[in-house]
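Using the sequences and the hints given, assemble the complete structure.
In this text, residue positions in the sequence shown follow our numbering: the first is 77, and each later residue adds one.
Rather than coming from a laboratory, the hints here were simulated on the basis of the structure.
Predicted model only: the values in this text are computed from it and were never measured.
Straight-line distance between alpha carbons at most 16 angstroms, and here's what the computed EDC-like set of lysine to aspartate or glutamate pairs gives: (1) LYS140 to GLU152; (2) LYS135 to ASP157; (3) LYS135 to GLU152.
Here are the simulated distance ranges between beta carbons: (4) TYR137 to PHE163: 19 to 25 angstroms; (5) PRO84 to PHE126: 55 to 61 angstroms; (6) VAL121 to GLN98: 30 to 36 angstroms; (7) ILE147 to GLN98: 52 to 58 angstroms; (8) TYR123 to ILE147: 22 to 28 angstroms; (9) ASN127 to LEU156: 14 to 20 angstroms; (10) ARG166 to TYR137: 25 to 31 angstroms; (11) GLN145 to ILE115: 35 to 41 angstroms; (12) LEU108 to LYS135: 41 to 47 angstroms.
All C-beta atoms, glycine included, are put in the ideal place defined by N, C-alpha and C.
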Amino acid sequence: MGGAKLPPPLIMRIPAEWRSKQYWWDTGQAYLYLLPALIILGIFVFYPFFNAFNLSFHKVYVVKRVGGQLIPFYMEFVGLDNFTRLFGDRLFIRALKQTSLY
Numbered sequence: 077m078g079g080a081k082l083p084p085p086l087i088m089r090i091p092a093e094w095r096s097k098q099y100w101w102d103t104g105q106a107y108l109y110l111l112p113a114l115i116i117l118g119i120f121v122f123y124p125f126f127n128a129f130n131l132s133f134h135k136v137y138v139v140k141r142v143g144g145q146l147i148p149f150y151m152e153f154v155g156l157d158n159f160t161r162l163f164g165d166r167l168f169i170r171a172l173k174q175t176s177l178y
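As structure tokens, this is what we get:
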């Protein structure tokens, strides 16, 4: 089985500095393509989610009179009181059972 031997494959040596720049260019370019989608996700998904989470710990008044002055969107921190009131409501528990059933 004596066949012709092939020469070893030519391996192009690339300087480490150039490889590093090429690597960062390729990955940076990919992140630049992802950036618009991540911004849209942040605006329309993440911000409303965390804002709703923050609002769940506050009592929010559209307009409140404080010291003779009207303050729009006044927020008063109440902690877990909203949740204790919610889970203490029989109508909510009934609606939760119906929702989970169907």
